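Going by our numbering, the sequence shown opens with residue 1, and the numbers climb by one from there.
Wrong hints could be hidden among the right ones.
What the hints assert, rightly or not - Quick list of simulated restraints, FRET-style, between CB atoms:
(1) Met521 / Asp285: 49 to 55 Å
(2) Thr29 / Pro178: 51 to 57 Å
(3) Ala175 / Leu472: 54 to 60 Å
(4) Gly176 / Gly321: 30 to 36 Å
(5) Ser299 / Met521: 40 to 46 Å
(6) Asp285 / Ser510: 34 to 40 Å
(7) Phe116 / Gly321: 51 to 57 Å
In case anyone wonders, no lab produced these hints; they're calculated from the structure. This structure is a prediction, so every number in the text was calculated from the model and none was measured. Backbone N, C-alpha and C fix where the C-beta goes; we use that ideal spot for every residue, glycine too.
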Amino acid sequence: MKHSKLAILVSAAILASSSAYASSDNEATVAQTGNGNGATVTQVLNSENNDAFITQSGDTNTASVTQEDTSETMGSITQTGNLNQGSIFQHDDTQSATGIISTTGNENVAAIEQRFNNGANAASLVNQNGDNNNANILQDNGDAANSTINQNGSGDIADIYNHWSDYADATITQAGGPLNNASIIQESSDGAVASIDQNGTGNQSVVSQTTLNFGYIASSDDTVAAVSQEGDNNIANTTQTGLSNDANVMQMGNDNQAYVTQSNLNNMADVDQTGDSGLATVTQDGENGQAMVAQSGFSQTATVTQSDYDQMANVTQSNSGNSATVTQSGSAAGMGNSATVDQAGTDDTAIVMQSGDSNTALVSQTGSSVSNDINVYQTGADNYAGAKTGYNADNTITITQTGNGNSVTDNANSSSFYGTGYGAGTWGSNNTVNITQTGNDNSAYADGSSNGSMVDIVQTGDMNEAIGESWLGSGNDIDIVQTGSDHFADVYANGSMNTTLVTQTDMGNSAVVTQVGSNNMATVTQGM
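Kindly produce the complete structure, drawing on both the sequences and the hints.
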């Protein structure tokens, strides 16, 4: 009980000297060991250059430091063992204020609030080591303020909230599990940085950032969110609103999920998932966005949705059962979107949908590709699509282009494993390539090699070009149907028992068919 009385006396003495400037340049130190603890230090009004230290060891700890109207102040609470709590409250003008809470063991709770004009060099730190952690930091109107929460084991939960805090830096580290939870919200905070690192067990994580971009330079003032989750029941959720946002999510193992939502222009999202249940969704709104998703192992799914022009999406997936969907919208000539999907495994599905002009879609399924599907849909002019499946059976490529000047060939970045200038290709048994083009001045190349494969090219419009090939193998079919005038069709088939059908309507069309091998059949029909 002596310690409780000491705390009361210290508080009373400080409160008694509360004239306009009497509460400046003070130092209060409270030390309590064992039993009922409690402690309160209050230094009011201007409270400049004040320091307050509370140390509690054992039993039913509680502590509180309040310094009002402050600047250049220091508040520190250290608690070891039993029913800890803690709270530091430094208000109004907290430039260069520092608040630190450290607890070790048992039923920790902590809160630091440094409120207004919480400017340069203001810092808040909470360290919790073991048992039923909880932590909360709020720094309001805190440009360049620094907030850190470290939790090592047990119940973990952590919150940091920065409002009107340009260039604020917030970090949450949760190590050693088990029931992690974390949340950083930085509102109206240009150039702010948020980082969450969770290591093991129940992870979850939310980062939400909004920016106002009052005259800041995009290249040097990006708002950044970084989340790292290592093992167990991961979920991460990053929402950023405004301009020039960067989001990085790394999930290493177990029941991953990750969602990134960004808006307006110059946004970047990078999601990496290594192993286990996967799922990543990236949504970006506005031009000049970049999205990268990499998934390795087990039940991957990736969805990237982007809007407006000059977007880039890259999805890489390995192992079996992969699925990727990329949707890009609203490009203009010279500012097209780009989508690249690389998958290695079996039972993969890739879907790319693009609208507008000058878009590029490249899809590659390599390795032991079995029962894979590639679907590319492009609407607009001067778009390019390239697709390939490699070295196995029952794969399907479907490319649909609507508009003029579209191409499935003649692109230096072509996806086909045959080299530059090949648009769609398969190698293996019972594979299918379907290309449908509607419009004028379109071109298509397709290759179905090995045995029992089918190439089907349908073009509607004028001045289109179709090339179909089958290198080696037997029982392959190549069908080309061109409706309109001034078309060109070229077919090459090498092997046995291959079938070629070319149908061209109207006038001014041209067809060339070359077959090498035995028991092949070719039919060309023109001018229907």
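Here's how the hints hold up against the structure:
no.: 1; hint: Met521 / Asp285: 49 to 55 Å; result: holds (53 Å)
no.: 2; hint: Thr29 / Pro178: 51 to 57 Å; result: violated (36 Å)
no.: 3; hint: Ala175 / Leu472: 54 to 60 Å; result: holds (57 Å)
no.: 4; hint: Gly176 / Gly321: 30 to 36 Å; result: holds (33 Å)
no.: 5; hint: Ser299 / Met521: 40 to 46 Å; result: holds (45 Å)
no.: 6; hint: Asp285 / Ser510: 34 to 40 Å; result: violated (46 Å)
no.: 7; hint: Phe116 / Gly321: 51 to 57 Å; result: holds (53 Å)
Going down the numbered hints, you'll see the structure goes against 2, 6, while the others check out.
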